[in-house]
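Undergrad: In case you want the letters, here they are:
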Amino acid sequence: MTVPVSRPWSVGLALTLGILMALVPGHAFASDATGDFEPSSSELVESPEEFDGDTIIFTGEVIGEMMTRGDMAWLHLNDDAYRDRNVEEGAPLGGYNSGMAVWIPLESTKGELTFGDHEHEGDVVRISGTFNAACPEHGGDMDIHASSLEVVTPGHRVDDPVSPVKVVWAIVLSMIALVAFLADRLRARVEDTMGV
Amino acid sequence: MLLRPRREDHLVIGKYTGKIVIGIGFLMVVPLLTSIAFGEWDTVVDFVISISLCMAFGYGTQAVCRTDRDLGWSHGLVVASSSWLVATAIGAMPHWLSGHMGSYLDAMFDVMSGYTTTGLYLMQDLDHIAHGLNMWRHLLTFAGGQGIVVIALTFLFKGAAGAYTVYVGEGKDERLLPNVVQTARAIWLVSLVWLAIGAAALAIAGLALGQDPVRAVLHGLWVYMGAWSTGGFAPQSYNTLYYHSLAYELIAIVVMIAGSFNFALHWAVWTGNRREIRRNVETVSFAITLTLLVLIATFALAKAGVYSDAMVLFRKVFYQLASGHTTTGFSTIYSRAFVTQWGPIGMLATTIAMAIGASACSTAGGIKGIRVGVIAKAFLQDIRKWVSPEHALITERYHHIRDITLSDGLVRSAMTITIAYVLLYALMTLAGVLYGYDFADAVFEGVSAASNTGLSCGVTSPSMPEGLKALYIFAMWLGRLEFMSVFVLGGYAVSLVRGRR
Chain A
4 MTVPVSRPWS
14 VGLALTLGIL
24 MALVPGHAFA
34 SDATGDFEPS
44 SSELVESPEE
54 FDGDTIIFTG
64 EVIGEMMTRG
74 DMAWLHLNDD
84 AYRDRNVEEG
94 APLGGYNSGM
104 AVWIPLESTK
114 GELTFGDHEH
124 EGDVVRISGT
134 FNAACPEHGG
144 DMDIHASSLE
154 VVTPGHRVDD
164 PVSPVKVVWA
174 IVLSMIALVA
184 FLADRLRARV
194 EDTMGV
Chain B
183 MLLRPRREDH
193 LVIGKYTGKI
203 VIGIGFLMVV
213 PLLTSIAFGE
223 WDTVVDFVIS
233 ISLCMAFGYG
243 TQAVCRTDRD
253 LGWSHGLVVA
263 SSSWLVATAI
273 GAMPHWLSGH
283 MGSYLDAMFD
293 VMSGYTTTGL
303 YLMQDLDHIA
313 HGLNMWRHLL
323 TFAGGQGIVV
333 IALTFLFKGA
343 AGAYTVYVGE
353 GKDERLLPNV
363 VQTARAIWLV
373 SLVWLAIGAA
383 ALAIAGLALG
393 QDPVRAVLHG
403 LWVYMGAWST
413 GGFAPQSYNT
423 LYYHSLAYEL
433 IAIVVMIAGS
443 FNFALHWAVW
453 TGNRREIRRN
463 VETVSFAITL
473 TLLVLIATFA
483 LAKAGVYSDA
493 MVLFRKVFYQ
503 LASGHTTTGF
513 STIYSRAFVT
523 QWGPIGMLAT
533 TIAMAIGASA
543 CSTAGGIKGI
553 RVGVIAKAFL
563 QDIRKWVSPE
573 HALITERYHH
583 IRDITLSDGL
593 VRSAMTITIA
603 YVLLYALMTL
613 AGVLYGYDFA
623 DAVFEGVSAA
633 SNTGLSCGVT
643 SPSMPEGLKA
653 LYIFAMWLGR
663 LEFMSVFVLG
673 GYAVSLVRGR
683 R
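These protein sequences, in sequence, are chains A and B. Under my numbering, think of the first position of the first sequence as 4, with each following residue one higher. Under my numbering, think of the first position of the second sequence as 183, with each following residue one higher.
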């Protein structure tokens, strides 16, 4: 078999086509070195059929709590604007929370995880697993059945200091409320005394 | 001819509006104590500021508006509608101070959504909010379900004869007991007994699902409040999908259906008349329309092959449809899944369910089963007249606590409110389309807001146009109060300018 010698214009055409194909949406979502896709939760919700049954990688902050069911557990991973820093820590507002429910063997969660809530920014973890657009095993829920979990960034406790400006406002308004209450009572008493 | 209100009219309206705002202030003590218990000191300060504002406004207004005059009919209606606006404006303070809202309008949107038991929200980073703020979100939807006027009637209106008009102005017109204050207390009694049972059942389910005891109790209480009030708020952004539990869903369904029943029906059952559940026109109407709509959505989704298993399909469809029909707004699917998975027929079935809504004099919104029942009976009566001999006397009856003969007046009244709802739904749809949303999305979301349901297909978001947020606030308010008191408030405003002395 002879390999045709490429002409310069055909090399240029091939390169251009290659670049265009890389830009054209087919599976126009990020993939890692292993070839597994790493879609966001928004992409999964917007195109569930496209990813149904695919092995994907998903990274997000674990929030709420782990709900164990025998040897398995439910985790909820948020990959939103608050994944690394939440509003209580001073992160700018970046829309709703968004994420995915993850069904994972208990042993894969390896020890204590920090879960995101008012007092904590949760661990950011990366999981690999199968995406289900409507999981028949879990009542049709959209979920990921994960097989592995890796902590990418450990969570931490969040301080929510009291704003001194707010304290001043609280004192001033409390005084005004007290004055209004006393004025109301006083006027009622005066009217009672005068028999109005 | 409009008469310009006199000073005495303003005083009586101001006095009772002040009382209701004081009631809101007292209500905020519950989230304040919650935040103290969990050491959320910044949130504690937020609630001190908000309570102080309520008290300053309420007592200040009372001090200025001193009068012994009792509420007249129009006063009561103006108090009902205006107090909801004032309560929303002041009640939004804890939301806004939390730093989780994009603007004060967003905060008012969430609070109006709570009071009106709608359940749409614009709060950002919900999964990191304080327990105190979560308590406030759910408490205001629970209070809104009973009616914030009912709260004030229970605790603050000492036997005012005109109190009944304020009660009616809030969209409730059943007298369970001869005295309206006793009626308000009866509503509380029913709700609190359900609270004890429902919250305990959900907390036990939460414990079994692996929640720690404190979270199980709090989630049980909050999900109960969201279900009973047909509000649809939930403590996590995943709504009730968070629990992945059939048991949790079943308990939520029982509570939200119970919450969507007329308080008069609850009271009848409470006093031993259990047959009322089967005979009442509202429960019959609800059962028929829910069954039909579940069948339609099940057929459409089965055809589309979204869910591979029949039981899974039924579970998903029944939950979302029951939630929509009771105007609760709980969901176990992502908002956008209505568009990306359920498709036009699934969305249409859900939209119709939301539009109809549940029972009158309940925590639910929408056109209401009793009106659908009355209009259906009138329709059947007309058909029977057409096919009967010319001089035949055809009468139609329906059962609501007692047997009632259908009259033209009843049908006209049901049709008037139904047309008003349909116009409101159309207006919200038009607004959505004009703002550039797809027609199906605009109908779904517009009906959801105006029927106080709270299911979303993704239109409602912090980045939605400010004008649409304001329109949805208006629709939630109008839909919850069932038009009359809002129209009277409008008339009051016009009479201030154009009324004759």
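Please keep in mind that the hints were generated in silico from the structure rather than gathered at the bench. It is possible that part of the hints are untrue.
[Stated by the list, open to error] Label-pair ranges, simulated between beta-carbon atoms: (1) 182/A x 249/B: 18 to 28 angstroms; (2) 562/B x 45/A: 42 to 52 angstroms; (3) 160/A x 678/B: 20 to 30 angstroms; (4) 608/B x 154/A: 47 to 57 angstroms.
Glycine included, each C-beta is placed from N, C-alpha and C at the ideal position.
Undergrad: Going through the earlier hints one by one, which of them does the structure break, listed in rising order?
TA: Structure breaks hint 3 only.
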